[in-house]
Amino acid sequence: MSDLESFRLETRDWLEENCPKSMRTPYESDDDICWGGRNAKFTSDEQRLWLQRMASRGWTVPTWPAEYGGGGLDREHAKVLADELSRIHARPALMSFGISMLGPALLKFGTEALRQQHIPPIVRGEIRWAQGYSEPNAGSDLASLQTRADDHGDHYKVNGSKIWTSYGDKGDWMFCLVRTDSEARKHEGISFVLFDMATPGVSTKPILLISGASPFTETFFDDVRVEKDQVVGEVNKGWTVAKYLLTHEREMIGESGVSEAGSASISEIAVRKMGLNNGVLKNTMLRSDIAKLEIDEIALDLTIQRARDEVKAGASLGAQSSMFKYFGTELNMRRYELLMAIGGLDALDWDGGENADGLLPKSWLRTKGNSIEGGTSEIQLNIIAKRILGLPG
Amino acid sequence: MSDLESFRLETRDWLEENCPKSMRTPYESDDDICWGGRNAKFTSDEQRLWLQRMASRGWTVPTWPAEYGGGGLDREHAKVLADELSRIHARPALMSFGISMLGPALLKFGTEALRQQHIPPIVRGEIRWAQGYSEPNAGSDLASLQTRADDHGDHYKVNGSKIWTSYGDKGDWMFCLVRTDSEARKHEGISFVLFDMATPGVSTKPILLISGASPFTETFFDDVRVEKDQVVGEVNKGWTVAKYLLTHEREMIGESGVSEAGSASISEIAVRKMGLNNGVLKNTMLRSDIAKLEIDEIALDLTIQRARDEVKAGASLGAQSSMFKYFGTELNMRRYELLMAIGGLDALDWDGGENADGLLPKSWLRTKGNSIEGGTSEIQLNIIAKRILGLPG
Amino acid sequence: MALVLNEEQVMLRDAARDFLTARAPVEHLRSLRDAGNSVGYSSELWAEIVDMGWAAIVVAEEHGGLGYGFAGIGLLLEESGRTLTPTPLLSSSMVAAALITRHGSDDQKATYLPALASGEHLLALAVDEGTQHDPTSCNTVAVEAAGNYSLNGSKVAVVDGGFANTFIVAARKSDESTGLFLVSANATGVKVDTVSHLDTHKAATVLFADVEVSAAAELAMPDGLEFMLDVARIGQAAELLGIAQEVLERTMTYLKDRKQFGVAIGVFQGLAHRAANLYTEIELCKSVVLHALRELDAGTEDIAAIASMAKAKLAETAHLAATEGIQMHGGMGMTDECEIGFFLKRCQIVEALYGDRYFHLDRYAKLSGY
Amino acid sequence: MALVLNEEQVMLRDAARDFLTARAPVEHLRSLRDAGNSVGYSSELWAEIVDMGWAAIVVAEEHGGLGYGFAGIGLLLEESGRTLTPTPLLSSSMVAAALITRHGSDDQKATYLPALASGEHLLALAVDEGTQHDPTSCNTVAVEAAGNYSLNGSKVAVVDGGFANTFIVAARKSDESTGLFLVSANATGVKVDTVSHLDTHKAATVLFADVEVSAAAELAMPDGLEFMLDVARIGQAAELLGIAQEVLERTMTYLKDRKQFGVAIGVFQGLAHRAANLYTEIELCKSVVLHALRELDAGTEDIAAIASMAKAKLAETAHLAATEGIQMHGGMGMTDECEIGFFLKRCQIVEALYGDRYFHLDRYAKLSGY
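Residue numbers (the working numbering), protein chains in the order written: chain R, 1 to 393; chain G, 1001 to 1393; chain B, 2001 to 2370; chain A, 3001 to 3370.
Heads up, a few of these hints could be off.
[What the hints assert, rightly or not] Below, in silico cross-link-like pairs of lysine to aspartate or glutamate (EDC-like), each with a Cα-Cα straight-line distance of 20 Å or less:
| hint | chain 1 | residue 1 | chain 2 | residue 2 |
| --- | --- | --- | --- | --- |
| 1 | R | LYS386 | A | GLU3249 |
| 2 | R | LYS79 | R | ASP301 |
| 3 | G | LYS1292 | R | ASP289 |
| 4 | R | LYS157 | R | GLU234 |
| 5 | G | LYS1312 | B | GLU2008 |
| 6 | R | LYS157 | R | ASP196 |
| 7 | A | LYS3259 | G | GLU1373 |
| 8 | R | LYS362 | B | GLU2337 |
| 9 | B | LYS2256 | R | ASP141 |
| 10 | B | LYS2286 | G | ASP1309 |
| 11 | A | LYS3259 | G | ASP1141 |
| 12 | R | LYS386 | A | ASP3257 |
| 13 | A | LYS3173 | A | ASP3134 |
| 14 | R | LYS312 | A | GLU3007 |
| 15 | G | LYS1292 | R | GLU337 |
| 16 | G | LYS1282 | R | ASP289 |
| 17 | B | LYS2366 | G | ASP1289 |
| 18 | B | LYS2259 | R | ASP141 |
| 19 | R | LYS292 | G | GLU1337 |
| 20 | G | LYS1312 | B | GLU2007 |
| 21 | G | LYS1362 | A | ASP3336 |
| 22 | G | LYS1273 | A | GLU3129 |
| 23 | G | LYS1228 | G | ASP1172 |
| 24 | R | LYS386 | A | GLU3324 |
| 25 | R | LYS273 | R | ASP346 |
| 26 | A | LYS3286 | A | GLU3008 |
| 27 | G | LYS1273 | A | ASP3134 |
| 28 | R | LYS205 | B | GLU2337 |
| 29 | R | LYS282 | G | ASP1289 |
| 30 | R | LYS312 | A | GLU3008 |
| 31 | G | LYS1362 | G | ASP1141 |
| 32 | R | LYS362 | B | GLU2007 |
Please keep in mind that the hints were generated in silico from the structure rather than gathered at the bench.
So that you can see chain R by itself, here it is in the shape it has in the complex:
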């Protein structure tokens, strides 16, 4: 038996024993997502146990180095683990910006001390991270940010504000872009710093979205002390770290649209809601949009698969992540537009009614942000035009 095969069997056995039954069911609401953190609210003991068990093997981050608590698996073993988790419909043990965003940047740019300090708590879900990038006057033009970190010898004092901090009011620590040199050209005076959000001078204010939820905050800094050893990468070279991390974010956002899309066939919903006429959807005007959507969903899935295979074969993804971010989010928005059309009058109710407290219309409204957050669709198209197609400008 090959090493991979035996790993599969071991993993299967371990999961059978260690993944609680309730962690093998679909989420019932957003509350079921486990974000960890100092103030983690576990919805059940089994949720806590599942996190602890997975973290103990480093499987919250299967491919990260074992020396920092990661799983230490290579791609092929990680794929086996993913397959086995998927086979039993296991919920993710932990969702975390520490995993999806900060971790890879720390592993690439952080000092040994910073890795030792921050990575193990990320693996174990003990610290919840928040991202401090956008500012009210620095949206698509991120590098024009103005939050400033003044040098006070062994530390900085940070003043300014950030906007669009995901779950900023629930974060323990923040990774944050600050201007450390106000004389330099805009991309060159930025540093990437880490600090505890419990530090005096940090405050947050939730932003109410059109969907009725407040997943983001504004975050304000009033003379916030940041230690100098908490700079990731070189001082004034934070833009390099940020770009690396943005690429990761784009991939995540692009793919999230897809995996959701894969969860239910929109044509099945349409047939159930609208009915057939001689084997053809009753409202034939919708058929064409539905067929195009379904084809594009498969095409995107295949393209993600192809990109993974190419990366495996040694290619680098690079600016192509902009393509996934662009198309994945636009596709998800098309999907929700069609779901609203199919939903008909039921889809109009905001609370109560036929559609589970307005879940569909609220999700639909939320998707309108997909093509804005993490770099607008226009920014992605610019990146494709310049970096891939080589157009000037």
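Let chain R serve as the given structure and place chains G, B and A on it in line with the hints.
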């Protein structure tokens, strides 16, 4: 009886007597269009007679002043004439760039001498005019033209070349933009001049299009003598004349798409070619595109009507002509795309076959130029964005 | 008739814009929402609107109205679309007035038209029953008994249902035809539940359990249902036109003000071309709406295709405007604080009620024989 | 199997590109047209292609082929799409080889496969009869008589029909099923008329008048027609992929070179964003085509939905590429001198044959149960 009513009856009688029967039938081919000119080829005596009779009343240009041979009608009387011509399905007695483009510019900017010299022959269809605007390196950026007119005392010598001259090989005279001051900023050193294309040094070369036809030429100038009294408007102020004239051209192009669109219902063709299934078009995927097209065709017709009504009520059309040019041409291109889809395999034959020597595919290919000639769609969108919406840039 | 507004109409439009902008801007809708208003509209505001005569516009002079026609009420709805003001103008002052004028008996006219014109009596359309708008399917039944009818069934998405005095109820009769009945909201057996729509307006679910209705409460003409819906759809098209224009204007202002990369973002062709295209589509929409209202005023017999064309075209364009509005406002557009999102929400509701763009494209094609 | 080319495939693609670019670029097609070539392809070029083994790629080794599979021939078709080279690769080397391999009798295999692999024998698909592609309707009949068949009917748009040695003819049998018959072009009663398609390729109208066909010339499997067409559609998708990529690359070069207003026009976001969107669509198309070819190679039983998805997606994207290509080339794009127009013409033909995007969207939806 009101003046208008009696004018209607007189006109009706006159047309009944003077419009030959064969001039009340649809064109059978492009050859049936009467362009006039020194070398006019009339397809029949009746065609010649129809031109002469209409010209004798100035009705080739009903609203132009009678002193230059025009009809001298006001808008309301001209509308009556148009209605009566339309009632008997009369063919236009004369098609002419002299009428649609040069004439209005001459009436607005030309000296009395120029008007007396050029307008009557235009009215009578004796001189066929060609337009000399675009150059190989001055397409959308028309004002960067480089054909140069050097001052030789009482005349200029013109050197350079033009491209996209409609029927350049059939023109008698040309109205042409030339650079009379090469030091001035690009919009400011241009003059609008007229010259006989029989002048030594003028030569033309047809441009073969993807549709297989050659309605345009390149036109070359080698020391062509142009008299100074043939400048329209002020020297070096030709850009003003050109802009005025371009607006006219845009309206013409925008509307031509529409009138053609009005000629046959695309859904009728689709039903005939593809058949119905329970009262619904067999290929339901086409239905949506067809319905959207038909609605947009009506919407554009209504909007042209509304614009006319607004002009009548005292508004000026201005940059809105860009909207008609943009939407009218895009709509016509959509129409031909659908006609090709409906035409199916028949529409693929280039000569012979089921579709009259490839008329449909040739027309379809020709429409691809609609959104390029007379200012590209992109240029029209720029004009709308800047002049109507007031966006910067 | 020329496709331009006459002087009187321009004055009406300007007056409406002044009033609504001052007294009931988008902030008015927000405050109704935040105050938890249970019916979704302000009766105080309605009283002011009635004072200006807007409720009387469609009703003929002989019935106490102004006889000002559909072009007039269309302008009011268009302006209400710009401010997202919730009023009973569409259901009562336009649709009910048109329906009773055209299909009502003398008694019905005498009863309802003056009351509509004075704004005291409000009517609501009770048509839809299931998740998809489908006027051909009606499970509410009107059973004849001793010269009267007994109504049983339920209706959903009844606009203004929470405060209307009378429902216009579509019900299937024993001969399988669908009749329209004027049913008092106070009648025994009528039960009204209000629900919040996503645009924060309210609608109602209405149950009819053995509701007794006199034969005189039936509207005479059997094709009244389609006529009523088509008038409503044209009114919706006018409202959508207001939404589309307002969003375009606000978005253009934002594109001129918002700076990124050191310039106003409207300088970027990627946005400017989309804006110019949207402008063009809206110009087409203006003509379509004006034309449809004129045809209503002219009493054109067959307005079905005109109404479906207007609804399909306006739904598509207003939706494009609303989504482009959010996208071009960037992150701000996603916030509740920025008003642009309210337009998308309202747009979705107006689109969906009485048939969305897919429904009307389908209907238009069928009416055109394909 | 990973969705990337292996080393062997990369070598084949590079060799194909080198050969076609050098020996048969778009200029080759133009010269065939201008010389008035009556069959629409060059037999000299075909001889060179055969020498490279391309005709043998799909045929198994036991029948004298290379057994290299569909991924290989797909690359050749993709590269032919880049150069618009007319060859019998699709009909003969891909579709006929696949069909006879899967559905042929031992005798048929022995007769046709080695001859296909050697490029000496060419086959053409005779399927369509009317103006719309509709494989469910077949008016050509095969009447059984004394163990043989007599064929009567006519076929249109027969690709390679002007020079094929054998036709694969769809004909309706007495039991109303549609059979496929291998009919020699030299058989008595076969009449071939070539017609010029708008892409300057040639096709043929073929008449069958009392053509005698032995029972052994029938292909065994009754579902052969759909399989044959689906293989052809996947091959077309590969060709469309080549067209789309080539047009995008040429257009990007033009956007970098062409100056207006003092800058390269590629600087304008209005064009750049559309180009970036087109790039994205083409990347999706690459995956769709690769996937479809892999499924063919894997012998997947049901390729109908895969084929319709590939044809619908590629037709839409390649058409977008070709029209954007002309628009972005401006006036130049409209001239016969500029090669970009040839791509639109070829695209239209490949799209229309064996079902256009509307046909395949419809088929995809039906196959998916809606």
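List, from low to high, the hint numbers that the structure doesn't satisfy.
Violated hints: 31 and 32; rest satisfied.
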